[in-house]
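Residue numbers (this note's numbering), protein chains in the order written: chain A, 1 to 258; chain B, 259 to 654.
If you're looking for bench data, these hints aren't it; they were derived computationally from the structure.
The beta-carbon is built from N, C-alpha and C at its ideal position, and this holds for glycine as well.
Don't take every hint at face value.
[What the hints assert, rightly or not] Here are some chain A residues the structure puts well away from chain B; computed CB gaps all over 10 Å: (1) G16; (2) G185; (3) D225; (4) T240.
[Unchecked claim] Distance windows between CB atoms, simulated: (5) R108(A) - I614(B): 55 to 61 Å; (6) R634(B) - F55(A): 37 to 43 Å; (7) A155(A) - G438(B): 25 to 31 Å; (8) A122(A) - S334(B): 16 to 22 Å; (9) S334(B) - R119(A): 14 to 20 Å; (10) R108(A) - W650(B): 17 to 23 Å; (11) A447(B) - R204(A): 52 to 58 Å.
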Amino acid sequence: MTDPVLEIVGLSKTFGGVTALDALSMSVRRGEIVGLIGPNGSGKTTSFNAVTGIFPPSDGTVRFDGTDITGLSPQKVYAAGIARTFQRSRLCLPLSIFDNIMVGNHGRLSKGLWFNLVRRRAFRREFERCHAQTRALVGTFSASLADRMFEPVGALPMIERRRIEICRALISQPKLLLLDEPSAGMTHDETTQLMDDILDVRQRLEGLSIIIIEHEMGVIERITDHCVVLNYGRKICEGTFAHIAADPEVQQAYLGAE
Amino acid sequence: MSRAPLTATPTTWLGLPPLAVGVLFVVLASTYAWLFLHAESEPEVLVLLAVAAVAAVIGGRTGADRALSSAMTRHSGAMNGVIVLSVVAVIFLLGTEHFPLLMLTTVLLYVTAALGLNIQFGYTGMVNFAGAAFFGIGAYTAAVMTAHTSIPPLLILVLGGVMSALIGFILVIPVVRTRGHYSAVVTIAFAVLFKTFLEVNDILGGPQGLMVGSMTILGWDFNNSPVLFGIELSFYVNYALLGATLAVVAFMFTRRLERSWLGLTLDSVRLDETASACFGIGVTRAKVLAFTIGNVMTGIAGTLYGMMVSFVAPTSFTFADSLLLVAIVLLGGMGSPWGTALAAFIVIVLPEKLQIIQEYRFLLFSVLVIAMLLFRPDGLLPRKVRDYVPGWRADT
Chain A
1 MTDPVLEIVG LSKTFGGVTA LDALSMSVRR GEIVGLIGPN GSGKTTSFNA VTGIFPPSDG
61 TVRFDGTDIT GLSPQKVYAA GIARTFQRSR LCLPLSIFDN IMVGNHGRLS KGLWFNLVRR
121 RAFRREFERC HAQTRALVGT FSASLADRMF EPVGALPMIE RRRIEICRAL ISQPKLLLLD
181 EPSAGMTHDE TTQLMDDILD VRQRLEGLSI IIIEHEMGVI ERITDHCVVL NYGRKICEGT
241 FAHIAADPEV QQAYLGAE
Chain B
259 MSRAPLTATP TTWLGLPPLA VGVLFVVLAS TYAWLFLHAE SEPEVLVLLA VAAVAAVIGG
319 RTGADRALSS AMTRHSGAMN GVIVLSVVAV IFLLGTEHFP LLMLTTVLLY VTAALGLNIQ
379 FGYTGMVNFA GAAFFGIGAY TAAVMTAHTS IPPLLILVLG GVMSALIGFI LVIPVVRTRG
439 HYSAVVTIAF AVLFKTFLEV NDILGGPQGL MVGSMTILGW DFNNSPVLFG IELSFYVNYA
499 LLGATLAVVA FMFTRRLERS WLGLTLDSVR LDETASACFG IGVTRAKVLA FTIGNVMTGI
559 AGTLYGMMVS FVAPTSFTFA DSLLLVAIVL LGGMGSPWGT ALAAFIVIVL PEKLQIIQEY
619 RFLLFSVLVI AMLLFRPDGL LPRKVRDYVP GWRADT
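This is chain A alone, in the form it adopts within the complex:
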């Protein structure tokens, strides 16, 4: 339980002259929920993007589950076992709930032309298996959603979309889940419900580690094991929520200096 699943050392990202992320080092242990917080523009999403290969980091290393994944393509990072959600929900709105979740299952689907076009019986079996799995996963979040698998996502309210996004990330059974502001655009009650869901998922998926970017301090306090605070791309504090909340530098970053 104590070995780190993700180890980031000196991770930096510069865009021209702007340093978006400055020598970030942090680690996540197996089964842990880590909060990544900081004011707007402090480099939280940048760190997710650098880890998942959306752009290569300028400096530093990322080790995941014992292997070096620094600068790998998003496809390889996903194959290694890291799945994520996006700050601005990136679901395919005209596609059905099932379709969207299957995008997340891409690594385990049979993609050969022959299989898909000609071996329709085998395809049907695989489809039925995937459908049962997806239904079971969605059912743990919301039973009513599980009955609407073939409805377009665009017609659903925000909380359901977030749930589907999380299901899309979880269907591939990743070892690490990166949640980028899951509560954005939701009401207080909806956020509470969604956090219940996330805690529930962690209960059932033994060994799943989560990094969550969040602005709602109540959420951070409730669900994280420890937190990393960023400001202007640099880590300014790390520890339990109680520890960071008491830290003067964190208070200054959030509330401004006197």
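We have chain A already, so just place chain B on it with the hints.
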């Protein structure tokens, strides 16, 4: 996209079960197509158009469309059989008439080509404004190969598609690296380049073009008129039957592609490349696959077209013709194969029937496409949510 309600009770229309509604519709639609292809005077055509408009409104109001889509999902096998039979029936009913058969075959070949474009554009989101160029590559392949080699014409049909895909690879790198408008501009440049290249190339006949040999299968030359029950039919019946076969194969291919994980991959690439990459989807690979498949289909259609009209010239494959193909996809509804078929019929046949449209057809189709995008952006027959296995329902 609208959703396909898959209810437990079958949708009936006027008390008829879905299959009966489906068969009735196919019979009426093919009779209509036959009458339309047959119609000679403009008043006749206008009356037929009015009938179609009234029928569409009444059908929509009374729920016939829902019963029809229910028939298509519940009895897909039977419906497909009936549709194929009715196309064959229309071909034989037209039997001796050259011009309507030429039009029908052109429609069938344009359906094949537009379905290829639909895979590129409707599913994967790669706008290809060089459709007519790839169609032309097929036709020119037919011209060169029938004149200079003794390769069996049926094999040339396949080679036309291969050739189109190979030349398409020149475009792959710029098209895959760029997105949206930029990628469209690359294909526009190619379309213009292609026509200019043909015009200055003496080996390929320059502006005068080339003669194309006819299709031959198992010693049967397609330029011979088949005789059925003592009646000598038009030689176009040969081409119409082969054209229908191509269209049916292209249709089945497109349908199966859409109803598979590959179709999902292509949709995902169209809708969000970054998210796709984060879930392991090889965006470049998907685009190359879609672009190549589309070009093969367009090229094969062009090859048979060249053999049928027995003459190719650069003026048949202009940028304007490419626009016509794109218009078919947009008008029918992106990603909707039935929409593509309907739109191809409208776009090809209507100008031939109404001379006033023929003169202004590019203007009218441009206006039509703009109007569609404004008022009915999903096309005439909007695509439905993916239905992996037709008629399948979760047993819970």
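Okay, the hints, checked on the actual structure:
Every beta carbon of chain B lies more than 10 Å from that of G16(A), the smallest distance being close to 21 Å; the non-interface claim holds. Chain B leaves G185(A) outside its interface by the beta-carbon criterion, the shortest separation being 17 Å against a cut-off of 10 Å. Every CB of chain B lies more than 10 Å from the CB of D225(A), the least distance being 25 Å, so the non-interface label holds. No Cβ of chain B approaches the Cβ of T240(A) within 10 Å, the least distance being about 30 Å, so the stated non-interface status holds.
In this structure, R108(A) and I614(B) meet the distance hint of 55 to 61 Å, their C-beta atoms being roughly 57 Å apart. Between R634(B) and F55(A) the beta carbon distance is about 39 Å. The supplied range of 37 to 43 Å therefore holds. A beta carbon spacing of about 26 Å between A155(A) and G438(B) agrees with the range 25 to 31 Å that was offered as a hint. Between A122(A) and S334(B) the C-beta distance comes to about 19 Å, which sits within the given range of 16 to 22 Å.
Roughly 18 Å separates the CB atoms of S334(B) and R119(A), a value that falls within the hinted 14 to 20 Å. In this structure, R108(A) and W650(B) meet the distance hint of 17 to 23 Å, their C-beta atoms being roughly 20 Å apart. Separation of A447(B) from R204(A) is about 55 Å and conforms to the stated range, judged on CB atoms against 52 to 58 Å.
When the structure is compared with the earlier hints, no violation turns up for any of them.
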